[in-house]
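These protein sequence lines are chains S and E, in that order. Here the first sequence is numbered in this note's numbering, starting from 1 and rising by one per residue. Here the second sequence is numbered in this note's numbering, starting from 1 and rising by one per residue.
Don't read these hints as lab results, they were simulated from the structure. Hints may contain errors.
Label-pair distances were calculated between CB atoms; the ranges are [to be verified]:
#1 I238(E) <-> A91(S): 44 to 54 Å
#2 P286(E) <-> S128(S): 54 to 64 Å
#3 D173(S) <-> L108(E): 35 to 45 Å
Stretch by stretch, here's where chain S covers chain E in the computed footprint (C-beta under 8 Å, at least three residues) [stated by the list, open to error]:
#4 116 to 124
#5 215 to 221
#6 225 to 234
#7 239 to 249
#8 257 to 263
#9 344 to 354
No experiment lies behind these values; they were computed from the predicted model shown. We put the CB at the ideal spot given by N, CA and C, even for glycine.
So you can see what is in the structure, the chains are spelled out below.
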Amino acid sequence: MNLRRYVVLRLLQLVPVTLVVIIINFLLVHLAPGDVSIILAGDTADPAYLAAIRERYGLDRPFLEQLWRYLVQVGSGDLGLSFRSREPVFAEIMSRVPATLLLVGTSLGLSVIIGTVIGTWIARRPGSTTDSVVSALAVGLFSVPVFWLGLMLVLFFAVQLQLFPAMGMSSVDGPREGPGRILDILHHMVLPVLALMTVSVGQYVRLARSAVAEVMGESYITTVRAIGFSDRTIMMHYALRNALLPVVTVLGLQLGLVLTGAVLTETVFSWPGLGRLIYDAILARDTPVIMGAFIAMSVTVAFASLVTDLVYAFLDPRVAL
Amino acid sequence: MVPALLALSRRAAFLISAAIVVVTVIVAVTAPWLPLPDPNGMEAAPYEPPGPGHWLGTDNYGRDVLARLAWGAQLALIVALVSSAIASVIGVILGSISGYFGGTVDALLSRTIDVFLLIPSFFLVLLIVALFGSRLEFTMLAIALTTWPRSARIMRAQVLSLKSRVYVQAARAAGASHGRTLVRHIIPNGLAPIITDATILMGLAVLTEAGLSFLGLGDQNAVSWGRMIFDGQRQLRIAPWMSIFPGIALLLLVASFNLLGDGLNEALNPQLRRLAARATPKPPMPVGEARPATPGPILDVSNLRMSYRLDSGQIMAVDGVSFRLQQGESLGVVGESGCGKSSLGAAILQVMAPNATTVAGDVDLGGIPILRDGRRVVSHDREMIADLRWTTAAMIFQSAMNALNPVIPVGAQLTEAYRLHRPGASHKEALARAAAVFDLIGVPRERLGSYPHELSGGMRQRVMIALSLLHEPKLVIADEPTTALDVLIQDQILGELDTLKRQMGLSLILISHDMGAVAETCERVAVMYAGEIVEMAPTETVFRSPQHPYTKALLAALPTVSGPCRVPAGLPGEPFSAGETTPGCRFAPRCSVAQDLCRSSRPPRVAVGAGHEALCHFPAGSAA
Ligand code: SF4
Numbered sequence: 001m002n003l004r005r006y007v008v009l010r011l012l013q014l015v016p017v018t019l020v021v022i023i024i025n026f027l028l029v030h031l032a033p034g035d036v037s038i039i040l041a042g043d044t045a046d047p048a049y050l051a052a053i054r055e056r057y058g059l060d061r062p063f064l065e066q067l068w069r070y071l072v073q074v075g076s077g078d079l080g081l082s083f084r085s086r087e088p089v090f091a092e093i094m095s096r097v098p099a100t101l102l103l104v105g106t107s108l109g110l111s112v113i114i115g116t117v118i119g120t121w122i123a124r125r126p127g128s129t130t131d132s133v134v135s136a137l138a139v140g141l142f143s144v145p146v147f148w149l150g151l152m153l154v155l156f157f158a159v160q161l162q163l164f165p166a167m168g169m170s171s172v173d174g175p176r177e178g179p180g181r182i183l184d185i186l187h188h189m190v191l192p193v194l195a196l197m198t199v200s201v202g203q204y205v206r207l208a209r210s211a212v213a214e215v216m217g218e219s220y221i222t223t224v225r226a227i228g229f230s231d232r233t234i235m236m237h238y239a240l241r242n243a244l245l246p247v248v249t250v251l252g253l254q255l256g257l258v259l260t261g262a263v264l265t266e267t268v269f270s271w272p273g274l275g276r277l278i279y280d281a282i283l284a285r286d287t288p289v290i291m292g293a294f295i296a297m298s299v300t301v302a303f304a305s306l307v308t309d310l311v312y313a314f315l316d317p318r319v320a321l
Numbered sequence: 001m002v003p004a005l006l007a008l009s010r011r012a013a014f015l016i017s018a019a020i021v022v023v024t025v026i027v028a029v030t031a032p033w034l035p036l037p038d039p040n041g042m043e044a045a046p047y048e049p050p051g052p053g054h055w056l057g058t059d060n061y062g063r064d065v066l067a068r069l070a071w072g073a074q075l076a077l078i079v080a081l082v083s084s085a086i087a088s089v090i091g092v093i094l095g096s097i098s099g100y101f102g103g104t105v106d107a108l109l110s111r112t113i114d115v116f117l118l119i120p121s122f123f124l125v126l127l128i129v130a131l132f133g134s135r136l137e138f139t140m141l142a143i144a145l146t147t148w149p150r151s152a153r154i155m156r157a158q159v160l161s162l163k164s165r166v167y168v169q170a171a172r173a174a175g176a177s178h179g180r181t182l183v184r185h186i187i188p189n190g191l192a193p194i195i196t197d198a199t200i201l202m203g204l205a206v207l208t209e210a211g212l213s214f215l216g217l218g219d220q221n222a223v224s225w226g227r228m229i230f231d232g233q234r235q236l237r238i239a240p241w242m243s244i245f246p247g248i249a250l251l252l253l254v255a256s257f258n259l260l261g262d263g264l265n266e267a268l269n270p271q272l273r274r275l276a277a278r279a280t281p282k283p284p285m286p287v288g289e290a291r292p293a294t295p296g297p298i299l300d301v302s303n304l305r306m307s308y309r310l311d312s313g314q315i316m317a318v319d320g321v322s323f324r325l326q327q328g329e330s331l332g333v334v335g336e337s338g339c340g341k342s343s344l345g346a347a348i349l350q351v352m353a354p355n356a357t358t359v360a361g362d363v364d365l366g367g368i369p370i371l372r373d374g375r376r377v378v379s380h381d382r383e384m385i386a387d388l389r390w391t392t393a394a395m396i397f398q399s400a401m402n403a404l405n406p407v408i409p410v411g412a413q414l415t416e417a418y419r420l421h422r423p424g425a426s427h428k429e430a431l432a433r434a435a436a437v438f439d440l441i442g443v444p445r446e447r448l449g450s451y452p453h454e455l456s457g458g459m460r461q462r463v464m465i466a467l468s469l470l471h472e473p474k475l476v477i478a479d480e481p482t483t484a485l486d487v488l489i490q491d492q493i494l495g496e497l498d499t500l501k502r503q504m505g506l507s508l509i510l511i512s513h514d515m516g517a518v519a520e521t522c523e524r525v526a527v528m529y530a531g532e533i534v535e536m537a538p539t540e541t542v543f544r545s546p547q548h549p550y551t552k553a554l555l556a557a558l559p560t561v562s563g564p565c566r567v568p569a570g571l572p573g574e575p576f577s578a579g580e581t582t583p584g585c586r587f588a589p590r591c592s593v594a595q596d597l598c599r600s601s602r603p604p605r606v607a608v609g610a611g612h613e614a615l616c617h618f619p620a621g622s623a624a
C-alpha cells in the first residue's frame, strides 16, 4: 500500500467518529428537557430569533429530516450560532484556537520530553527505591486536579511572590508588538504551562519507564550487551529509540485528557482560549457553543490519533505502508 | 497468589493508599455522627482562618471547612462507586458479548468501542450536564456513559482468551447455553483486570466530578470538594484555606485510587513483577595491573554458580559447573529447557538477565581472568570482560527471538558493532567488513539494507552468525541457533557453522536441546540437568556408551533415523524444578534405576573413562 492510499484510508476512518459525535449531539438536544428551539436560541431570545432558529434547523420538519439537515450543516462546517454573540460558533472556536494551541503545544512538548527523560532514567533500575518513589510520585502528579494546582501556583507565585501574572495572556498596558510582546506572552504563559505540564508529565514518566524497562528485557538488548556496548549507549541509543514507539501511540490517545486539562487551566488563568470560551458558554448556558466545542474537540482528538498512526508507521519499519 | 500478595504488601505505596481509602470511607460513612458542625450551617464568622475553633477555618458564609470536607468525602465516594460500577457493568456486558460471539456482532461492537474511546469524555459529560441539568444522578450517569469503552475493551480481550479454555469448551459440550456459559464460566474468570481498572475509573470519576463542579456544573445541593474549590477560587487572596484543603483531599483520594489500581495490576501481572525483579551482583574484584594472557585453554570455567532472584526466592540455575575448552575445540551443551544451559552461556559473557547474578565460581577467557568467586574482575575501573566481548568471545542468539533490533537495518547493526571495537574505523571500512562476513555465511550483500522482519528465518539466523564473526572471535557461543527453523535450513546452518569452525579455527559452544544437532557439530558433549553437568564425554562415547541414566533417556528419545527431535516430549516425568531441594540425586524422581541411596545422598562425580565423567551413584546402572 502506498503512502497516499494509507493516508486517505485513515482519513476515511475519521468519518464514523465524526458521525457518531454529531448524532450524539443531535439526540442529546432532543432528549433534553425543554423546547429544542429555546435550547438552541437561549431563553431570552426574541420571537424573531426563535423563528429564525426554527427555520434554520427545520424544527417543524420530521425527526429524520432534522437529523439529516443537522448532519449536512455540521458537515459543511456550520456549527450554529452562539446566542450571546449571534456569531457563528465555528468562527468563535477558530478565533480561540491559537491561544489554546500555544498552551497545549508548549506544555505537551515539555511534558513529553521531561517525562521521557525521567522515565528512561528510572527504568535503568526497575524495582529500585528511586524507581518506586519516582513512579509513585508520577501517579501522584496525574492525580492532581489541574485547576487546583493552577490556583496554588497563583497563590504562591502571583499573590505571594508576585513573580508571574495570575491571569490573561498579555498585560493590558504591555507592548503590542515585537520582542516585547513575545516576552510579555511568555511571562504570562509560565504558570498555566507549569500547571498543565505538571499533571501530564506523570503519564509520560510512567509510559517511558514501562516502555524502556520492557525493551531492556528484549533479546536484542542482550545482543548489544554481549557485543559490548556500554549501558549508557544501550539506554540512549537502543532502548530509548524502541521505547519511543509506545510513547508516540499514547500521545495521540491522551490528547483528550490534555484538552480537558487545558479547559480547566484556562478557566483558572483566564487564558483567552477554547477553555475560556467553553467556561463562558457554560455560565451563559450558551448551548450551541458547548455543542460546537464538543464536536471540535472530538474531531481534533480523532485527527490526532490519525497523525499518531502516521508517525508510528514512519518510525517503525515493521508497519508496511 | 500468595507470593504475589506478599510482593504487594511489600510496596509501601500500596499500603498507604489502601489506608487513605479506608479512612475516607470511614469518614464518609460516619460524617453525620462526627462531632462536626453542620456543613451548611452559617453560624460561625466568615473567613475565619484555621485555628482551635475551626481546625481548617471557615468559608465565606461561615461554614466549617473541615465539616464540609467530611461530607464531601461522602459525595466523592458515591460518585466513584456508582460511576465506575455502571461503567464496568456496561463494559462487561458489551465486551463479553463482543468477544464471545465474534463475527459481525464483534465487528460492530468493537468498532463502536473504538469510536467511543476516541471521544473526549469530559466534553461529552460537560454537554450532558449542561443540557440535562447538574443533578448528581446525571453527572454520575454521564461519567459512566463516557467511560465504559475502557472496561469493554478489557473484557473483550479477556473473553477472547478465555473462551477457548478447556473448562469452557467442556461446559458447552455438556449442553450449557451461551448465556450460562458466559455468566457461569467466562465472566467470573475474566473479572480481575476489570476490577483493577475500576479503581482507576474511580479516580477518574472523582476528578471529573470535581472538574465539573469547578466549572460551576456541580450539583448545587451537594457538598463537593470541587464545588468547595470553585467557591474558594474567588476568595483565594483572603481565604486561601478554602481551596487548599479540598484540593489536598482530592489529590490524596485520587492518587490512592490510582496507586491501588497500579498495585493490583502489578500483582495480577507476573510480567510486570518480573521486570522489577533484580539481583544485587557481588562487588567487583579489582586486580590492579592486568596480567598478560597466559597460554592455556580458551575457556576455563570452574565451579560456576548462577542464581535468579524471583518472588518465591532464589533459584540456582547453574549449580557448580566446571569445564575447559581448548582452542579450536567444540562442546555441545544439551538438556531440557530450564536446565540452565542458556544461563551458562549468558554467565560466561556476563550478559545475564537483571534478576540473575553469579554467586560463585571462576572463569578465565582467553587466559584472562574475568570472574573470581562470582565477582567480576576489574582492572583500572574497567571490567576485564568488557574488552573481550565480541573480540575474543561472541554469541549467536536464536534470531527467532528478536535477537536483532527490529527498527534498525541489519547492515547498520553490523557496522555499529564493528566500529564499537575499532574506534578508528571509517564507515566505509565497517561496511566492507559487514559485506565480507555476509559473503562468508552466504547472505547476499543487498540484504545489508534490509530490516530483520524483511528476511526469512534462515536469513535472519545467518545475519546473526555474520554479526558474531565480525571481529574474528576465538570463541563463539551459539545458544539454540537453529531452533524454530525448518529442518532443511537447520541442517544447512549447522553445516555452515561446522565449516566456519574448521576454516577459522573457532572454538564453539553449541547450546541446544537437540542431541542430533550437537552430534553433527561437536567433538564433546556436556549433558545438563537441574543446573549441573551430569555427564561429559567425547561425542562418540556419549552416543556409544552413555553412563548417566538421564543421558540414556535423552538418547532413547531420539528417533533411530538420526534427525532432530524435541527431546522433552519423549521423557516421562516432570523436570526438576530449580526451586526444589533434595539431599540426594536431582534426577532420582524420574530415574528408572534409582535406589534408596540416590534419594538420600548426593551422587559423586566419577570418571568412567578417558575424558568421560558422570554424576551418578550407579553409572550405567552398574549396581543393578
Ligand atoms: S544417582 Fe541414582 S537416581 Fe541419580 S541418576 Fe544415578 S542412578 Fe539415577
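Here is what the structure says about each hint:
no.	hint	verdict
1	I238(E) <-> A91(S): 44 to 54 Å	39 Å, violated
2	P286(E) <-> S128(S): 54 to 64 Å	25 Å, violated
3	D173(S) <-> L108(E): 35 to 45 Å	59 Å, violated
4	116 to 124	holds (count 9)
5	215 to 221	holds (count 3)
6	225 to 234	holds (count 4)
7	239 to 249	holds (count 5)
8	257 to 263	holds (count 4)
9	344 to 354	holds (count 5)
Comparing the model with each numbered hint stated earlier shows that hints 1, 2, 3 do not hold.
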